[in-house]
Amino acid sequence: MSVLINADSRIMVQGITGKRGRFHALQMLATGSQLIGGTSPGKGGEWCFDGRIPIFDTVSECVQSTNADVSIIFVPPHATADAILEAIDAGIKTIISITGSIPLHDMMTVKSALKNSEAVLVGPNSPGVLVPGIANAGIFPNNLAMRGNVGIVSRSGTLCYEVLDCLTQAGIGVSTAVGLGDDPIIGIDFLTCLELFEADPRTDQIIMIGGPGGDSEIKAASYINSQLTKPVIAWIVGENLALPLLRPFFDKSGNLSSEVLNKKTRSLKEAGVLIANKIEEIPSLINR
Amino acid sequence: MKLHEYQAKSILKKAGIPLPVSHLAGNAGQVKRISNEIGYPVVLKAQTLEAGRGHAGGVRIVHNENEIENVSNEIFKLVLNQQPIQFILVEKAFTFYKEYYLGIISDLDEGTPVLRISEAGGATFLEAESFKDALTVDQAIDINRGLKDYQIREVLVNLGIAPNYWKQFQVIARKLYEVYRQNDASLAEINSLVLTELDQLYALDVKISIDTQSLYRQEAFFDALDPSYFGWEEREAMKYNLDYHSFPGEIGCIVNGMGLAYLTMEQLLLINHLPAAVIDIRGGATSSSITSALGMLLANQQVKVIIVNIFGGMTHCDETAQGLIQALEESTRKKPVFLRLEGTNGTPGLDLLLKTENLTLFRSTEALVNAAATWLRGDEQ
Numbered sequence: 403m404s405v406l407i408n409a410d411s412r413i414m415v416q417g418i419t420g421k422r423g424r425f426h427a428l429q430m431l432a433t434g435s436q437l438i439g440g441t442s443p444g445k446g447g448e449w450c451f452d453g454r455i456p457i458f459d460t461v462s463e464c465v466q467s468t469n470a471d472v473s474i475i476f477v478p479p480h481a482t483a484d485a486i487l488e489a490i491d492a493g494i495k496t497i498i499s500i501t502g503s504i505p506l507h508d509m510m511t512v513k514s515a516l517k518n519s520e521a522v523l524v525g526p527n528s529p530g531v532l533v534p535g536i537a538n539a540g541i542f543p544n545n546l547a548m549r550g551n552v553g554i555v556s557r558s559g560t561l562c563y564e565v566l567d568c569l570t571q572a573g574i575g576v577s578t579a580v581g582l583g584d585d586p587i588i589g590i591d592f593l594t595c596l597e598l599f600e601a602d603p604r605t606d607q608i609i610m611i612g613g614p615g616g617d618s619e620i621k622a623a624s625y626i627n628s629q630l631t632k633p634v635i636a637w638i639v640g641e642n643l644a645l646p647l648l649r650p651f652f653d654k655s656g657n658l659s660s661e662v663l664n665k666k667t668r669s670l671k672e673a674g675v676l677i678a679n680k681i682e683e684i685p686s687l688i689n690r
Numbered sequence: 456m457k458l459h460e461y462q463a464k465s466i467l468k469k470a471g472i473p474l475p476v477s478h479l480a481g482n483a484g485q486v487k488r489i490s491n492e493i494g495y496p497v498v499l500k501a502q503t504l505e506a507g508r509g510h511a512g513g514v515r516i517v518h519n520e521n522e523i524e525n526v527s528n529e530i531f532k533l534v535l536n537q538q539p540i541q542f543i544l545v546e547k548a549f550t551f552y553k554e555y556y557l558g559i560i561s562d563l564d565e566g567t568p569v570l571r572i573s574e575a576g577g578a579t580f581l582e583a584e585s586f587k588d589a590l591t592v593d594q595a596i597d598i599n600r601g602l603k604d605y606q607i608r609e610v611l612v613n614l615g616i617a618p619n620y621w622k623q624f625q626v627i628a629r630k631l632y633e634v635y636r637q638n639d640a641s642l643a644e645i646n647s648l649v650l651t652e653l654d655q656l657y658a659l660d661v662k663i664s665i666d667t668q669s670l671y672r673q674e675a676f677f678d679a680l681d682p683s684y685f686g687w688e689e690r691e692a693m694k695y696n697l698d699y700h701s702f703p704g705e706i707g708c709i710v711n712g713m714g715l716a717y718l719t720m721e722q723l724l725l726i727n728h729l730p731a732a733v734i735d736i737r738g739g740a741t742s743s744s745i746t747s748a749l750g751m752l753l754a755n756q757q758v759k760v761i762i763v764n765i766f767g768g769m770t771h772c773d774e775t776a777q778g779l780i781q782a783l784e785e786s787t788r789k790k791p792v793f794l795r796l797e798g799t800n801g802t803p804g805l806d807l808l809l810k811t812e813n814l815t816l817f818r819s820t821e822a823l824v825n826a827a828a829t830w831l832r833g834d835e836q
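Chains as they are written, first to last, in our numbering: chain R, 403 to 690; chain C, 456 to 836.
Chain C on its own, in the form it takes in the complex:
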């Protein structure tokens, strides 16, 4: 779960990492008041979780009070990936002569945190070519020992950074690692970390992602789940331990496991269909979470037809069937449900479903997907 820039910056500020002065504004009047207070020039930064903010005109420098209202109104009118801009971060602008990248990232294949520092920072760092060209050094961290000073020093030496800057880099790297650990982050990065003319390092832009599996012990973030990132369905689904993903199609899918989600989506794509939503009920789903999953698809107006594709190991077919029946009984909306149910307790599961209306059984993913698509075409004619 990505945090907004202002959320990430407030965490870094509390950790004692040097940042430019900034305040959050919800309208043009607030932007003007804050700008006058901190002094021009200011940078106005649209708060969005969507990529490409800079290219869309969401980051603007304003040099004096005359322009401030116009520019902030322009930013508030921006819509990025259908999400309106609700907040602007007003930040004191200042000059710098060198940009770095400093991040704590997660190496999932090795299962370690990694300290990464690069001689090239800024927006271009993330573009593949310059990333390869830039001198970048990684240092794997043993999470049971923590980030050690010598490890930071090795990175700095390998990058050829002059010793008079080491202390500042070390303090920031250590504090950023603490931020990563304390917040159960999957990513904590400063890009760019800039060197001012007074030889001071400042964190100009910051990204933090929180590991979704750790939200149960990071309650502050769970409360702050941003509707612009997690839609109503996604948040509702989390309550029932479901993964809900929205897409632009018309077919609602319930599956157990990511592998079956990919397989179902690939089959849909082969016949030129997209899902409207894919709900992964994960392993061991209870009948009540299945009721919620089907209930959400029945209620979703974008969904015209529903596919349930379950091959249960720890997900038991009898409990799945009970959950489906309950959702169909509770809902006033009728939609066709195409079902494939195999695996643990398969026979008792299928027995339960024999008398259920609006429900058709299939044996393979391909047959299931084709039947739903055929129904859709019939419905359109």
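Pulled out of the complex, with its shape left as it was, chain R reads as follows:
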């Protein structure tokens, strides 16, 4: 019925008493997401939101008491790797890190731990996972999307909002929107997310929103070509920018190879993907 999150998902928030964590946890409650608990070390035993949601000191206590299986992370960047590792060890299945700008070596530690676990990480620097009408497991603006059969996967959070807004205005609904996150090192990539959409009976077509840096769209293209049966539309933003204009954005991590630049759209096109040159073209490429 959706990917990563569904109506049975039991969602907790790590960092539920922080400014942003608290605000967005409240939004989740207000929009009917199944939020069942949160952590804030030192405040275990207290309750928030008028006694509706219990607070725990640790993720494992929260899991034991509430059977949480999804955790959304709002702690500061320097504490995020620790929070992800805590969630992995507590047996959380889907971990979503809203926090971004995580130190590189911290994320390498997390990636190594993920290899030896069943957990799936979305993010860091992700807007979360949105299943319209069921759950806003993250920070998606309210009333942005409606229920439908289009799956969306995006590296950028803001561009994901843009596309959701555009589809809603065109009267097109969404099964699940997944924000992969904008950090240099992230958990699941386009390929994994496409596999999830392929297996999801409620998703009939997929929109991919990509950008410069890395080669994860190209890996996805070869999967689309060889195995994916559902139609895909891609909007790759930033490919028309010359290297000197892009370089400053990549000095942080150096994940910008001129070999890959400008090849993403071409590889996807060759794999049979419909290419949207502008966001306004996307609704017309959807099969209604």
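The set of hints was computed from the structure by calculation and includes no laboratory data.
Glycine included, C-beta positions come from ideal geometry on N, C-alpha and C.
There are no misleading hints in this set.
DEER-style ranges, computed between Cβ atoms:
id	chain 1	residue 1	chain 2	residue 2	range
1	R	Asn518	C	Lys622	28 to 34 Å
2	C	Pro703	R	Gly674	38 to 44 Å
3	C	Ile726	R	Asp606	33 to 39 Å
4	R	Lys517	C	Asp604	18 to 24 Å
5	R	Asn518	C	Lys469	31 to 37 Å
6	C	Arg690	R	Lys517	34 to 40 Å
7	C	Ala617	R	Glu597	43 to 49 Å
8	C	Trp830	R	Pro478	35 to 41 Å
With a straight-line cut-off of 27 Å between C-alpha atoms, the simulated DSS-like cross-links for lysine-lysine are:
id	chain 1	residue 1	chain 2	residue 2
9	C	Lys603	C	Lys630
10	R	Lys495	R	Lys517
11	R	Lys671	R	Lys621
12	R	Lys517	C	Lys603
13	R	Lys421	C	Lys694
14	C	Lys662	C	Lys468
Computed list of chain R residues with no C-beta within reach of chain C, every gap over 12 Å:
id	residue
15	Ala409
16	Asp452
17	Ser462
18	Lys495
19	Asn551
20	Ala601
21	Gln607
22	Pro633
23	Lys671
24	Ile677
Once you have looked at the hints, place chain C on chain R.
Relative to chain R, chain C alone:
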């Protein structure tokens, strides 16, 4: 954040990696004194973070005292990408008969450090063709286990390097990995690593980049942020958790997120405009960081007109609006601000802005960018 060669070399020296003798000089007199002390021939190396130092004449061999002042003055006169050369690294020159590449790089797609050794080192290594031609072996490292001796050995065996050199390679690779880890580096590379006639390996040139997200725990580097690399604006922006990027155009842009930055820049490019600056306020920016962002663009003389393009998730539109209003009130400079504000708390955000002067609201990136460009053309006429 790239380090200068002299900074990188001082880190490697402390780690115990063999390097040629070198000292830093700030003027021609110092260059001469150091050269006389370490003995000729010496190599004078301009300290710059810009690429293409060698082609520009920034690396010169000097064989005797007579030439030293002329050559160093020539190097100090060089300007690479508008950055003057402030320091020269004076290094003892020596002969070698083989160059290698040895680096710890970051594989961001897999999320692991990688040990890379290549049979071809030197400046040409980085040029794509020779990189492909050269025999290069990569070894992914599990950061939770560290770099193991057997992994280094496997690389050396695959490269066909004779066993009598293994010990030296292993010591250097292990120490370089420690440097990478201890300094939160995204890259630590020796290019080239040279073999002298006495069969000793030396690190001739070294590059280290520090992960910017880790600077909070690498305070020594944060203090040393080089103005030639991070301009005043970039450094000021870091204080407020903003990413500031300078470009040669006239339009100042504030956006949330890299995706929206690319989209805004692509729209500008379509109508033949470039940004003067792009500030990414990132997710969850506070009103005070938005005040700083707009304040910096209002103060920047290169900026003629300002675009604010926000689609907020964790960035709240009401806080954004408060930040913008405060910056406009604080600044004595008036510039037109074209704004698009959507997302979380959108309605209260727009309500706050209704009475603000010099501010025009738009619904799409395209409309926003076109309006700013149209204003610019009107201003020029």
